[in-house]
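A.B. asks: When you get a sec, could you build the whole thing from the sequences and use the hints?
Per this note's numbering, the sequence shown starts with residue 148, numbered consecutively.
Read the hints as simulated data drawn from the structure, not as lab findings. Note that the structure is predicted; figures quoted are calculated from it, not measured. Using N, Cα and C, we set each Cβ at its ideal position, and we do this for glycine too. Every clue listed holds true.
Taking CB as the label site, the calculated pair distances span:
1) R408 / L602: 15 to 21 Å
2) A388 / P476: 33 to 39 Å
3) S316 / L453: 18 to 24 Å
4) P499 / A592: 27 to 33 Å
5) S316 / R410: 46 to 52 Å
6) S199 / W324: 24 to 30 Å
7) A388 / R410: 20 to 26 Å
8) W377 / S253: 31 to 37 Å
9) R396 / A454: 50 to 56 Å
10) G530 / V450: 41 to 47 Å
11) F407 / A595: 19 to 25 Å
12) R468 / A595: 21 to 27 Å
13) R392 / R528: 19 to 25 Å
14) M381 / P499: 48 to 54 Å
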Amino acid sequence: MPVLPPSEQRPRPGRPARWAQAALATGACCVQLDAFALNPVLPVVRDELHGSAAATPWIVSGYLLAAGSLMPVAGRLGDLHGRRRMMTLGTVLFGVAAVLCALAPSLPLLVVARVLQGAGGALLMPAGLALLTHAWPPGHGQRATGRALGLAGLATVCGPFIGGVLARSVSWRAVFWLTVPLALAAALCARRAPESRDPEARQRFDTAGAAAATGALVCLVRWLEHPAAWGWAMGAAALGALFVRAERRSPAPLVDLALFRNRPYVALTAGGALANSATVALLYVAPWVLQRNHGWSVRDAGVAFLAPAVALAVGGPAAGRVRPAAAVPVMAGCLALSAVALGWAAYGTGAPALLMASTGAAGALGVAGGLALTGTQAVVRRGRAGEASGVTKAALTATAGIWLAVTGAGTGGVTGEGGMGGVTGAGTGGGAGPALALPAAACLATAAVLALTLLVPVVPRVRGRLRRRAGRGGGVHRND
Numbered sequence: 148m149p150v151l152p153p154s155e156q157r158p159r160p161g162r163p164a165r166w167a168q169a170a171l172a173t174g175a176c177c178v179q180l181d182a183f184a185l186n187p188v189l190p191v192v193r194d195e196l197h198g199s200a201a202a203t204p205w206i207v208s209g210y211l212l213a214a215g216s217l218m219p220v221a222g223r224l225g226d227l228h229g230r231r232r233m234m235t236l237g238t239v240l241f242g243v244a245a246v247l248c249a250l251a252p253s254l255p256l257l258v259v260a261r262v263l264q265g266a267g268g269a270l271l272m273p274a275g276l277a278l279l280t281h282a283w284p285p286g287h288g289q290r291a292t293g294r295a296l297g298l299a300g301l302a303t304v305c306g307p308f309i310g311g312v313l314a315r316s317v318s319w320r321a322v323f324w325l326t327v328p329l330a331l332a333a334a335l336c337a338r339r340a341p342e343s344r345d346p347e348a349r350q351r352f353d354t355a356g357a358a359a360a361t362g363a364l365v366c367l368v369r370w371l372e373h374p375a376a377w378g379w380a381m382g383a384a385a386l387g388a389l390f391v392r393a394e395r396r397s398p399a400p401l402v403d404l405a406l407f408r409n410r411p412y413v414a415l416t417a418g419g420a421l422a423n424s425a426t427v428a429l430l431y432v433a434p435w436v437l438q439r440n441h442g443w444s445v446r447d448a449g450v451a452f453l454a455p456a457v458a459l460a461v462g463g464p465a466a467g468r469v470r471p472a473a474a475v476p477v478m479a480g481c482l483a484l485s486a487v488a489l490g491w492a493a494y495g496t497g498a499p500a501l502l503m504a505s506t507g508a509a510g511a512l513g514v515a516g517g518l519a520l521t522g523t524q525a526v527v528r529r530g531r532a533g534e535a536s537g538v539t540k541a542a543l544t545a546t547a548g549i550w551l552a553v554t555g556a557g558t559g560g561v562t563g564e565g566g567m568g569g570v571t572g573a574g575t576g577g578g579a580g581p582a583l584a585l586p587a588a589a590c591l592a593t594a595a596v597l598a599l600t601l602l603v604p605v606v607p608r609v610r611g612r613l614r615r616r617a618g619r620g621g622g623v624h625r626n627d
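C.D. replies: Here you go:
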């Protein structure tokens, strides 16, 4: 019997590649469940720990700052020192930090534990994506990653409902205890996955680039949370310039600047970041409108939102089946469809219309978000998969934090008994218009930009063909 070459062999269930898939699925579910189950119960946490209104936002901001700023560094560390090692370390740190969060006796200690949790999430996600990319042969990793991300999609949508139920029936601390066994399971799965590194990497870490990149991202997030504080913007610009200079001079850069000349990678990352922020908007605004304007309970809104949850979860596996060459066109199409659905959800009337529009938007955004992670891994060199996933995840985390900061959904703008009592960006009375119209417009504009980028390489070829045809036509005329 002829033996297929390794690139064409498909790992069978039960082999180490399956453990890598299980590790990413469980780890991503753990991270998403923790993030989205916690945000709705922030007022309850503040009241029990007697925290101030100014300090409460740091429960979310501290996590986002640590996770978003450290992901590029964590991704490259996985390339250098082993993706399995970094993912295992990240899941363990995430689980230990969850225990500390559950036991926190005061708000300042809870914020410190959340920062540690953000660092664990930063190690976990980029390393997990790169680990799965290398565990499967080329051509199969995308589908495996898409299936793994499907479970995370369910956790994303069900998180607010689970958080509200736990806070009302048990305690807000149960939200953190719930993630501990998931983190432990992810670590055990990661230990059984095959180790991988960048074979061409120099065993040297770009300390200057890491410091500049982390500082620039911290300043950027802080400025976006407080737009009037221009000092943070100036700091982000100065550190960003230092980062570019350091990367150009470093023999082993933290982020190869050629990555940003990879047009498909940039397009998929930008589109996925926008889709992620629109997803966060949808997940907070739609349940709030069902409760506030239509009189639904937290439980009823959570059960009804199972349809969008399934649509979002299916998006990951669907994205995994998209060929790399078609990823950008599909991304543009998904953003256009999500813009239409979000517009319908914003200005439609009645709960059934809102749920149907939310389901359509969740499905399109799920595919777009999945493409940001599966597609980018397919268009970069496999050796630097951790670096690429770190940059992409940092972009996705930052945009989610921006929307939460702007609307107040994740920083105390949520009220009520464990449910969504109010989102400042949702407006009052009429519906979801003000909060969903902006994401809809942004999705439509981004889809148009991506469509234009697809036409850019075509225009020179069309011009060349026209010139050749004109030349042939002119020659015939002269001969006549």
